[in-house]
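S.K.: Could you slot chain B onto chain A? The hints should help.
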Amino acid sequence: MARKVVITGLGATTPIGGDVPTMWKNALKGVSGAHTLEDEWVAKYDLPVHFAARCSTPALEVLSRVEAKRMDPSTQFGVIAAREAWADSGITEIDHDRLAVAFATGIGGVWTLLDAWDTLREKGPRRVLPMTVPMLMPNGVAAAVSLDLGARAGAHTPVSACASGTEAMHLGLDLIRSGKADVVVCGGAEAAIHPMPLAAFSSMQALSRRNDDPEHASRPYDRDRDGFVMGEGAGALVLEAEEHAIARGARIYAELAGTSVTADAYHITAPDPEGLGATRALKAAMFDGRIQAEDVVHVNAHATSTPVGDKPEYTALRAALGAHVDNVAVSATKSQMGHLLGASGAVEAVLTVLAVYERRAPLTINLENQDPEIPLDVVTSARTLPAGDIVALSNSFGFGGHNAVIAIRNV
Amino acid sequence: MASNEEILAGLAEIVNEETGLATEAVELDKSFTEDLDIDSISMMTIVVNAEEKFGVRIPDEEVKNLKTVGDAVNFISNAQA
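Those protein sequence lines, which keep their order, are chains A and B. Numbering of the first sequence is given in our numbering, commencing with residue 1 and proceeding in unit increments. Numbering of the second sequence is given in our numbering, commencing with residue 412 and proceeding in unit increments.
Calculated from the structure, these hints are not laboratory results. Treat the hints with caution; some may be incorrect.
Derived lysine to aspartate or glutamate pairs resembling DMTMM-like cross-links, with alpha carbons at most 20 Å apart [claimed, not checked]:
1) A:Lys69 <-> B:Asp448
2) A:Lys69 <-> B:Glu463
3) A:Lys123 <-> B:Glu462
4) A:Lys311 <-> A:Asp377
5) B:Lys464 <-> A:Glu122
6) A:Lys69 <-> B:Glu429
7) A:Lys4 <-> A:Asp174
8) A:Lys123 <-> B:Asp471
9) A:Lys69 <-> B:Asp450
10) A:Lys69 <-> A:Asp118
11) A:Lys123 <-> B:Glu463
12) A:Lys4 <-> A:Glu242
13) A:Lys69 <-> B:Glu424
14) A:Lys69 <-> B:Glu428
15) A:Lys180 <-> A:Glu255
16) B:Lys478 <-> B:Asp440
Computed footprint of chain A on chain B; a stretch qualifies when at least three of its residues, placed anywhere within it, have a C-beta under 8 Å from a C-beta of chain A [to be verified]:
17) 425-432
18) 455-464
All C-beta atoms, glycine included, are put in the ideal place defined by N, C-alpha and C.
This is chain A alone, in the form it adopts within the complex (with noise of 0.2 Å):
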């Protein structure tokens, strides 16, 4: 029998709120966090996109001046939600030979990189900060995590583009289960409102243009959906292994009953038509969590508001539960905070974990005339979940096929 592993600690900072209580409130309020970017570089260089959902709570009015220098934003963002995240756990004596960190980022120190490199072009290698490699190393803020916690089991870094965070998710279970850990900080972090990933994404025609609306842009699952909204901010998540957090008395939200990755092998961005790939991390992580379709009854859906990407989630999701999707609550949770890309999984885990301990779905925003071929039941005003025992999953997918998902279950 594997380990039992359950959820103590929750910290996040995200567009719709710099703490969880404040994004919780907001989620199940339906706000959006996305606004108009206020920044020369969008007129400098012409962008086609004018707009982004920033985190509402700057790094900078929680961190010091001074600690906030050595860190890429993004790490900023993840040392906040992962501060945030152990004082909620309530740990105040641990090994910390027995406390890992599995901290996941999409893209890493972009702003970092990019600014060194201006530094370098415009006044020479010697103004190139000391600290700018390891600032921008993907594993930056796994590293500021583990070093602030005092984390000595290991600091890991998935990286699988916007399923990053769901898969921190998964190693911290994996590790907990295998016995090479009592307690994982995960979590995932993104800072990429930066002018050079707006032209990228906007280049790939990922990104949606409703520059007069920004609030109505990211609209998953409506017939008018033209992209997603770049979002930035972090989540973080305290794994525990059970016997751990009882034996402390420990204030436990949910069970992580089960975790799944998989990968198409379809295609590096579109994903499988058929959403196979998602299919199997579906029913991959219902096994890995003993989980029947019918215990299910919401998702907190990956939904981007893309086109091409709400529709084979939803060909999954009914592949893996049947009928029965019918019967589920689906919330598209990125309709308020835009899409953190890395984070997002993160952050989508802290809602569904209180979703179940709290038992109120999250809103769906922005759903006007609900796409035909897309026939879920969305959560667009203020939702109950049942009572007895449920099951909650989370869906993350990200170039490169990557798939994963997570299951949580009421404890």
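M.R.: Here is chain B on its own, set in the frame of chain A:
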């Protein structure tokens, strides 16, 4: 040309910006590593910022000889002369 007092004040600002240490803590007899707890990476950043602020060049091989704040003030003062 800056006086030694002006160099010290300027250095203190640079150290404060990099480390958060109070400017008053940056005194001539203080060791960068022992007293001010400045690591090699911060030291390089301070050196480069001092080069820009005072219009001097501090060669990499010279940095290890700048043990105290006073060493740095003297080096910058001589380099400006």
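S.K.: The structure should be examined with respect to each hint, and the outcome stated for every one.
M.R.: Status of each hint after checking the structure:
Of the supplied pair hints, the one linking Lys69 (chain A) and Asp448 (chain B) holds, its CA atoms being roughly 17 Å apart against a limit of 20 Å. For the hint pairing Lys69 (chain A) with Glu463 (chain B), the CA-to-CA distance comes to about 19 Å; that is within 20 Å, so the pair holds. Proposed proximity of Lys123 (chain A) and Glu462 (chain B) is supported: the alpha carbons are some 13 Å apart, at most 20 Å. Restraint check for Lys311 (chain A) and Asp377 (chain A): satisfied, since their Cα atoms lie roughly 14 Å apart, inside the 20 Å limit.
A threshold of 20 Å between alpha carbons decides the hint, and for Lys464 (chain B) with Glu122 (chain A) the separation of about 17 Å falls inside it, so the pair holds. For the suggested pair Lys69 (chain A) and Glu429 (chain B), the alpha carbons sit about 8 Å apart, so the restraint of at most 20 Å is met. For the given pair, Lys4 (chain A) sits about 11 Å from Asp174 (chain A) by alpha-carbon distance, which is consistent with the 20 Å threshold. Between the alpha carbons of Lys123 (chain A) and Asp471 (chain B) the distance comes to roughly 18 Å, so the proposed pair stays at or under 20 Å and holds.
Distance check on the hinted pair: Lys69 (chain A) and Asp450 (chain B) sit about 14 Å apart at the alpha-carbon level, within 20 Å; holds. With a C-alpha separation of about 17 Å, the suggested pairing of Lys69 (chain A) with Asp118 (chain A) holds against the 20 Å cut-off. A hinted pair counts as satisfied when its Cα atoms are at most 20 Å apart, and Lys123 (chain A) with Glu463 (chain B) qualifies at roughly 11 Å. Annotation: proposed proximity of Lys4 (chain A) to Glu242 (chain A) holds, straight-line Cα distance about 5 Å (limit 20 Å).
Taking the CA atoms of Lys69 (chain A) and Glu424 (chain B), the gap is about 15 Å. The hint holds against a cut of 20 Å. Between Lys69 (chain A) and Glu428 (chain B) the alpha-carbon distance is near 9 Å, which keeps this suggested pair within the 20 Å criterion. Note on Lys180 (chain A) and Glu255 (chain A): the hinted pairing holds, with a Cα-Cα distance of about 19 Å set against a maximum of 20 Å. Taking the CA atoms of Lys478 (chain B) and Asp440 (chain B), the gap is about 9 Å. The hint holds against a cut of 20 Å.
Only when three residues or more bring their CB closer than 8 Å to a CB of chain A does the claim for the stretch 425-432 of chain B stand; here the count is 3, and the claim holds. Counting residues of the stretch 455-464 of chain B whose beta carbon lies closer than 8 Å to any beta carbon of chain A gives 5, which meets the minimum of three for the stated coverage.
The structure agrees with every numbered hint stated previously.
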